[in-house]
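Line by line, the protein sequences are chains A and B.
Counting from 2, one number per residue, gives the positions in the first sequence under the working numbering.
Counting from 2, one number per residue, gives the positions in the second sequence under the working numbering.
Since the hints were derived computationally from the structure, they do not count as laboratory data.
Take the hints with a grain of salt, since some may be wrong.
To be verified - Example chain B residues on the side facing chain A (calculated, C-beta under 10 Å, incomplete): (1) D33; (2) K36; (3) K184.
Unchecked claim - Covered stretches of chain A, as calculated for chain B (at least 3 residues, CB under 8 Å): (4) 31 to 37; (5) 79 to 93; (6) 96 to 106; (7) 143 to 154; (8) 179 to 191.
All residues carry an ideal CB built from backbone N, CA and C; glycine is no exception.
There are 2 protein chains.
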Amino acid sequence: MMTERIPARTIEARVEGVYWAPRGTFVSEPLDALKLTYEGIPGDRHSGLYRESGPREPWYPRGTPMRNERQLSVLSAEENAEVATAMGIPELKPEWIGGNLLLSGVPELSALPPRTLLWFPSGAAVRIDGDNGPCKKSGASIASNIPGRPDLELGFVQAAKYKRGLLGWVEREGEVRAGDIVKIRIWSQVLYTA
Amino acid sequence: MMTERIPARTIEARVEGVYWAPRGTFVSEPLDALKLTYEGIPGDRHSGLYRESGPREPWYPRGTPMRNERQLSVLSAEENAEVATAMGIPELKPEWIGGNLLLSGVPELSALPPRTLLWFPSGAAVRIDGDNGPCKKSGASIASNIPGRPDLELGFVQAAKYKRGLLGWVEREGEVRAGDIVKIRIWSQVLYTA
């Protein structure tokens, strides 16, 4: 039995910032624009058509070659602010947790469904694989920026549950600029409960 | 506001048959096994890391290069039987509608959510993009196999709504054989209603 089907709709968001993390780094850096190719952000630590499986895919032997569905980390300014409040810190910078796109204007961004499409003014498009899970590595990165708060390493994992943003891959190549208005296509939804 | 979150679970299905459609054809042919690469089924009409946009993507100019998320058509034996009954025909062969994998044992297969993973015994894995939409081309293919029923061209589009199976792409390379038991990982679900 299925729940009632929710129709598709399109909403809009603003790109508050774009960031990349060159290979060898974890923290990302702001740019004016990101060039997106089918590999993601060229030179970024998460770029590539393929990647090796890691601790997030315990069902594959570590290091198994697989298609890379985690090219981009999409964050919400509103969720980051909520997470900062929950952790008792003044701000959560998207760079600290390796974000690539910071959006505003989408309530509960992390709950957007898999397959959602982001359409940018340049023609670039990103397809959402789904929500990201908060990890201790990001928590440690935050802690390293807030003196005297080693608790943030684990605290982030708790505070950012279901608020860690989205992951996606490039469907159509192009550019994304800070200040862009992005159209977000949410497909028809139904819960699978059969 | 979100609906209640449904936890992740893993179910199983049986691969009743595997099929391919060499380039230049529409109808698929049964094989004993399919070799899956990152391009899909090598030589198949839907293979490729990239494809050109078509009538299913009216938001892109026709022929726009894009990542190919429609490498494989995954069908349900049970749904096909329901659709056949609704159309008043004895059988709906997966070949007629260009299926690549025919599964049995999954109720309402077409409602499985985007991001669902199919794990095959060889190690091959397919990630589901989402449900397919029935088209007149498939309906015409069915009609060409059932004398005196030109109504099936449009009849299929109506009868197969939300029963047209799933589309997906190869996450991990390997082989899929008729008779395989496939594990199906359904991730945690929540409806986005914000």
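Structure-based check of all given hints:
1. D33: Result: violated, 25 Å to nearest chain A Cβ.
2. K36: It is violated, given that the least Cβ distance between K36(B) and chain A is near 16 Å, above 10 Å.
3. K184: holds, 9 Å
4. 31 to 37: violated (count 0)
5. 79 to 93: This one is violated; 0 residues, fewer than the three required, reach chain B with a Cβ under 8 Å.
6. 96 to 106: violated (count 0)
7. 143 to 154: violated (count 0)
8. 179 to 191: n = 5 at 8 Å, threshold three: holds.
Of the hints listed earlier, those the structure fails to meet are numbers 1, 2, 4, 5, 6 and 7, in rising order.
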